[in-house]
Amino acid sequence: MKKYLYMFIATLALASAAFAVDSQIWGEMRIQNILGYGQEESLKLGPLFTMLQHHYFAWIFLGILIGVPGAFFLHYKIIGPKVFPHSEKKYYAFNLYNRIIHQIAAISFIVIVPTGFVIVFGDFFGGGMFVRFCKNLHGLFTVPFTIVVIPMALMWLKEALFNLDDVKWFMILGGYLSKEKKPILAGKFNAGQKMWYWVAILGGITMILSGAFMFFLDFKMEMLHNLTGMSQIDMLRAAAIIHNVMGFAVVALFITHVYMSMFAIKGAVQSIITGYVEEEEVKILHSTWYKKLKNQGKF
Amino acid sequence: MEYARMKFYCDEHRCIECDGCSVACAEAHELPVGIARRKVITINEGIPGKEFSTSIACMHCTDAPCEQVCPVDCFYIREDGIVLHDKEKCIGCGYCLYACPFGAPQFPREGIFGAKGAMDKCTMCAGGPLETNSEKERHLYGQNRIAEGKVPVCAAMCSTKALLVGDSESVSAIIRTRVSSRAKGASNPLVWDKAYKNQ
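Here the protein sequences line up with chains A and B, keeping their order.
Each residue of the first sequence is one higher than the one before, counting from 1 in the UniProt record's numbering.
Each residue of the second sequence is one higher than the one before, counting from 1 in the UniProt record's numbering.
I should point out that these hints are in silico values taken from the structure, not numbers from a laboratory.
Don't be surprised by glycine CBs; every beta carbon is placed ideally from N, CA and C.
Keep in mind that the hints are not guaranteed to be accurate.
Said to hold, decoys possible - Quick list of simulated restraints, FRET-style, between CB atoms:
1) B:E135 - A:M223: 57 to 63 Å
2) B:E110 - A:E88: 32 to 38 Å
3) B:E131 - A:Y56: 35 to 41 Å
Stated by the list, open to error - Restricting the straight-line Cα-Cα distance to at most 16 Å, the calculated cross-link-like pairs of lysine to aspartate or glutamate (EDC-like) are:
4) B:K39 - B:E27
5) A:K220 - A:E41
6) B:K87 - B:E110
7) B:K39 - A:D123
8) A:K266 - A:E280
9) B:K39 - A:D165
10) A:K181 - A:D22
11) B:K87 - A:E28
12) B:K136 - B:E30
Claimed, not checked - Take a look, some chain A residues computed to stay more than 12 Å from chain B by CB distance:
13) I31
14) K82
15) V113
16) N136
17) L140
18) T228
19) A240
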């Protein structure tokens, strides 16, 4: 994780110096870039990016934007939310530090995700001022997320490691397909939450790095060129492809995360606001954790 | 009716790498520092017989990849094949640059925190979507020489007439005539053989 952080800092530092050194795109390298375009032995990233962006990316994003909330709407109507009494005992699970880190990431995502959609469907919004403003916000709100992503990764790492409970959780999809309130095997975080943790952390870092590439555009990192064997323009093409593809996963799970906390489990969002989780909720949805807390006499 | 398609062609046997096209372009359109819509490149530099120079800018591709990838659809292809874009729509995302085989789109840094500004590229001296020859068009896109019936400034200024522009059929007709009337290899003209070989 540290390695990526250093890489990101190096990117920032080098980008500011980039204007002084010879351009990797419009300078001497331009000849190699032109000669290398679509060559047999290359990865053909130029034509690949053109094809994907022209035919697929916007449609896949539209599919996710309609499909994922659509599926949850049906789930809400057919199976319905889980409602737990909120008068029972509570356990203080998230301290102030946890909540502040989470809230900074949450605010960043609330800005980054919709503005990302505005850029993807930029033609629908007619381009110009509004879309340009969203593009700037999209980059600007990456900064707070970048600051909290490592602390967030560290503070929940232990609870986010997968174990045997998660296999059973996935087999019954966390019990969300039935109305029954049977105890479900899960620690502090269930398998779904763990999946979101890894997509948000690793996917988030990938998004930051690929986004930074596209923001700073013209810089030279000898180490990266040697490591990948790619020219700057090809790395930018790869970054654009990765940013979109990883975007599918991050957006789909972000919508899921919001649905689960706001709608599927009534009042669950309160736990990250106040820090307290409800006994009933923990007993059913995180039964392994409940047993552990009970043994420690926390309830 | 088939319209003519406007194309550039740089005859590498004639280009002498004088950079005149690039300078003429920058001057005519009053381009900001750091932006060069046209650039002369030399390939195989220093290798005898293989070295040649050519002038590149936006090549106004028939199936323009930039137009295909633009998320705000700011590109449009005129009936004569000139690929233009609307700078007021452009958000400066950079996708056109990733799609372009020639590295033509450029981005002046402006706006908040040095974000990429609206893209700039060769317009084949045909301005943009704004009112033809208006002050605003000139400010955003440079001269609109096509509307005035003039040749794009780079080709007009080319001292060796290496850089040609016009409808693709006329351009290829000129190149064909040049190739068929050319002696073997530019570096070894026929007359030299006549003058020195049989002594």
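Each hint tested on the structure:
Distance hint for E135 (chain B) and M223 (chain A): a CB-CB separation of about 48 Å, inconsistent with the stated range 57 to 63 Å. Taking the beta carbon of each, E110 (chain B) and E88 (chain A) are about 57 Å apart, not inside 32 to 38 Å as hinted. At about 37 Å, the CB distance of E131 (chain B) to Y56 (chain A) agrees with the hint of 35 to 41 Å. Among the hinted pairs, K39 (chain B) with E27 (chain B) is consistent with the structure: their alpha-carbon atoms are about 14 Å apart, no more than 16 Å.
Among the hinted pairs, K220 (chain A) with E41 (chain A) is inconsistent with the structure: their alpha-carbon atoms are about 23 Å apart, more than 16 Å. A C-alpha spacing of about 14 Å is found between K87 (chain B) and E110 (chain B), which places the hinted pair at or below 16 Å, so the restraint holds. Between K39 (chain B) and D123 (chain A) the alpha-carbon distance is near 31 Å, which puts this suggested pair outside the 16 Å criterion. The hinted pair formed by K266 (chain A) and E280 (chain A) meets the criterion: a straight-line CA distance of about 12 Å does not exceed 16 Å.
Proximity of K39 (chain B) to D165 (chain A) is assessed by CA-CA distance (about 62 Å); at most 16 Å being required, the pair is judged violated. Taken as a hint, the K181 (chain A) and D22 (chain A) pair is broken in the structure, with Cα atoms around 64 Å apart against an allowance of 16 Å. Between K87 (chain B) and E28 (chain A) the CA atoms are separated by roughly 27 Å; this puts the pair beyond 16 Å, and the hint is violated. Only pairs whose Cα atoms come within 16 Å are accepted, and K136 (chain B) paired with E30 (chain B) is accepted, the gap being roughly 13 Å.
A beta-carbon of chain B comes within 12 Å of the beta-carbon of I31 (chain A); the shortest separation is about 5 Å. Non-interface status of K82 (chain A) relative to chain B is upheld: no Cβ of that chain comes within 12 Å, the nearest being about 39 Å off. No Cβ of chain B approaches the Cβ of V113 (chain A) within 12 Å, the least distance being about 16 Å, so the stated non-interface status holds. Distance check for N136 (chain A) against chain B: the nearest CB is about 5 Å away, which does not clear 12 Å, and the non-interface claim fails.
With a closest Cβ-Cβ approach of about 7 Å to chain B, L140 (chain A) is found to fall inside the 12 Å limit, against its non-interface label. Remark: the non-interface label on T228 (chain A) is consistent with the geometry, its nearest Cβ contact in chain B lying 16 Å away (cut-off 12 Å). A beta-carbon of chain B comes within 12 Å of the beta-carbon of A240 (chain A); the shortest separation is about 5 Å.
In summary, the numbered hints that this structure violates are 1, 2, 5, 7, 9, 10, 11, 13, 16, 17, 19.
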